[in-house]
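Asks: Take a look at the letters that make up each chain.
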Amino acid sequence: MLIIEIIMMIAGAVWAYYGLFEYGFSANGGPGSGFFPVIAGVIVVLLCALDIFNRISARQPINGKMKTPQQKECLMLTFIPSQLRPLFVLAYGFMGIILLSLFGIIIAGVLTCGIWLKFISKKNILQSLAVACLTTGVLYGVFVIWLRVPFPRGILF
Amino acid sequence: MGNFDLLLKGFQLAFSFNNLLMTIIGGFLGIIVGAMPGIGSAAGISLLLPMTFKMNPNVAIIMLAGIYYGDMFGGAYSATLLNIPGDSSAVCTALDGNPLAKKGKAGKALASGNIASFIGGSVGIIFLTLAGPALAEIGLKFGPAETAALIFLALTSIGWLLGDNPTLGLVATGVGLMLAVIGTDSATGAIRFSFGNFNLISGLSFVPLIIGMFGFSQIIEMAVAIHDIDTSSMTKISISESILTKDELKSILPPAFRSAVLGNLVGFLPGAGGTTSAFLCYILEKKIGKRGKYLGTGEITGVAASESANNAAAVGSFVPLLGLGIPGSSTSAVLFGGLMMWGLKPGPLLFETNPDFVWGLIASMYIGNIVCFILGMLIIPLLCTILKISTKTLIPIITVICIIGSYSVNNNLFDIGTMLVSGFVAYYFKEYGIPVAPILLSFVLAPKLELSMRQAMGISHGSISIFFTRPISCVILILTFIMLLTPVVRSFMKKKNRSKES
Chain A
0 MLIIEIIMMI AGAVWAYYGL FEYGFSANGG PGSGFFPVIA GVIVVLLCAL
50 DIFNRISARQ PINGKMKTPQ QKECLMLTFI PSQLRPLFVL AYGFMGIILL
100 SLFGIIIAGV LTCGIWLKFI SKKNILQSLA VACLTTGVLY GVFVIWLRVP
150 FPRGILF
Chain B
0 MGNFDLLLKG FQLAFSFNNL LMTIIGGFLG IIVGAMPGIG SAAGISLLLP
50 MTFKMNPNVA IIMLAGIYYG DMFGGAYSAT LLNIPGDSSA VCTALDGNPL
100 AKKGKAGKAL ASGNIASFIG GSVGIIFLTL AGPALAEIGL KFGPAETAAL
150 IFLALTSIGW LLGDNPTLGL VATGVGLMLA VIGTDSATGA IRFSFGNFNL
200 ISGLSFVPLI IGMFGFSQII EMAVAIHDID TSSMTKISIS ESILTKDELK
250 SILPPAFRSA VLGNLVGFLP GAGGTTSAFL CYILEKKIGK RGKYLGTGEI
300 TGVAASESAN NAAAVGSFVP LLGLGIPGSS TSAVLFGGLM MWGLKPGPLL
350 FETNPDFVWG LIASMYIGNI VCFILGMLII PLLCTILKIS TKTLIPIITV
400 ICIIGSYSVN NNLFDIGTML VSGFVAYYFK EYGIPVAPIL LSFVLAPKLE
450 LSMRQAMGIS HGSISIFFTR PISCVILILT FIMLLTPVVR SFMKKKNRSK
500 ES
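Sequence order for the protein chains is A and B.
With numbering that gives the first Met the number 0 as the guide, the letters of the first sequence map in order to residues 0 to 156.
With numbering that gives the first Met the number 0 as the guide, the letters of the second sequence map in order to residues 0 to 501.
The set of hints was computed from the structure by calculation and includes no laboratory data.
Predicted model, so just to flag it, every value in this text is computed and none were measured.
Treat the hints with caution; some may be incorrect.
Said to hold, decoys possible - Stretch-level coverage of chain A by chain B, calculated; a stretch enters the list once three of its residues show a Cβ under 8 angstroms from a Cβ in chain B: (1) 1-15; (2) 35-48; (3) 91-98; (4) 110-118.
Said to hold, decoys possible - According to the in silico footprint, chain A covers these stretches of chain B (three or more CB under 8 angstroms from chain A): (5) 182-194; (6) 252-263; (7) 426-436; (8) 456-465.
Stated by the list, open to error - No more than 30 angstroms apart at the CA atoms, straight line, and that leaves these computed lysine-lysine pairs for DSS-like: (9) K121/A with K493/B; (10) K101/B with K344/B; (11) K140/B with K102/B; (12) K344/B with K387/B; (13) K344/B with K102/B; (14) K285/B with K101/B; (15) K387/B with K121/A; (16) K245/B with K117/A; (17) K101/B with K140/B; (18) K121/A with K245/B; (19) K101/B with K391/B; (20) K289/B with K344/B; (21) K117/A with K289/B; (22) K429/B with K391/B; (23) K493/B with K286/B.
Every residue gets a Cβ at the ideal spot worked out from N, C-alpha and C, and that includes glycine.
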């Protein structure tokens, strides 16, 4: 929790700094481009500081809601250390972007969906392929055929 | 033309084939999204928003509104059958719905929920028909100072109403304001916080941001969850089992109507939404209801109070959205973003500049409410099958929808990255008790707030006195300060009492 609040405080300070010294707090007798960023930044810095102070004065654990030992168990991602599981899902999402830019929507859709179903959800190959193809087919129909969204062209489609 | 004539014209529009079809599709999708545990209306609408870009705005908003109130109908199904609320607003429904299911009365619980949802929705729509235009007329009298003060009030109340820690709610509001200033300043043309990245020159895209915050963060939550949803206890329910007796029907009407009125009023408040109203009405029913002391043990009146309240609040949130341009809940903030993207400006002028749009939407709600009521009863067997889909299967499907939906907005891979990162950050925010909804609400309201503040201070030559010298804005600001100070005073009093006791 402390890390998140410190990161937000730094971001708030950057916003306030840029607002004051780069974009201009006031212009022509009225608020300038930096006026609103300064307000937003200062609000975040002050409130984060207040929350940290409140936690310290109330002697609450500064780490906030930390993972309990029970949460080390997991439904699917048991092969990954608990703290890295969210990062793994993020990486899986980025894999989807790479596949989309390399192979186009059809192969990327089937692979992104199928890989998770086969290897993480431990479904059999037929089930995985069926769900992946059906999902991609419906999305292809909606976005490519109906809405005519120009997706990146990959090797095959 | 009077409001009644405009409403009749709205019905003509709503009964056109396209609009009627979208009302049915929206209601159907809404019930399914609402019934699926953990997805929720905001995520459901966020995921479906990209599909509506090329639709006529009228047709699109009718479908999305259908999803919103359909979701409130659907939330009762998983709450009753699995003891897992499909949406947070159905938490109180689970308290009585699931014990009823365990007694073999799941059908009765769902029927009570459905009837109460219908009553809540109907009362809410009548309020919207009357209060929406009236509020818009008041809103037309607002100048920049009043508008800025009103948005300020909305932003501060959002922070206080959500979560256990009001300070963190306000931090989230501040983060939303910070994100909103990224991109080109519309007044001066200055490029802010792009840090050399040309993708950020036009600012952060709204749709990828919400898909990430509500959709992808949910995927991470589901992926790191300890247990899958236990559907083994779920029984098959037939429509005939769900028919209420005359006495049962009589018993749910008073709580349904009470909760409809209170829930609707709570729905007007920014940030309150269905969850707060359902809790308040459930507590009220426990205190004043004839069978209040039995609530929590499996009472259909408890289901009725909660379901009527969340539906009334969902419709209630459209009053400030359409009348003042202030979203009343995170889901209506998503709809607000959608309206902006279709080139419409939600607010008091909408009733004057786009009466067909507004009245068509309101009329479609009357029809949609009836459609959801009928669908809710008819698709019970189908919902029982859908609820058996495990999260293991849902995760990759929703991920692919998130990726493709985010890309389709601007045909830009950067938007998918925005979606993924915002989802990742939102996941940690939720983990540490920082509410995500205020980020979204302040993100959509910030441009209007900045513009109004600048205009007001331009009029007063840079002085902030304009906010205090104009009576309406002064009253709104006083209300804001009261709202800001109340929790501080309350915690001070608590501390004082504790020290006295010790």
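Asks: Could you work out which earlier hints the structure fails to respect and list their numbers in ascending sequence?
Replies: Violated hints (numbers, rising): 6, 9, 10, 11, 12, 13, 16, 17, 18, 20 and 21; every other hint is consistent with the structure.
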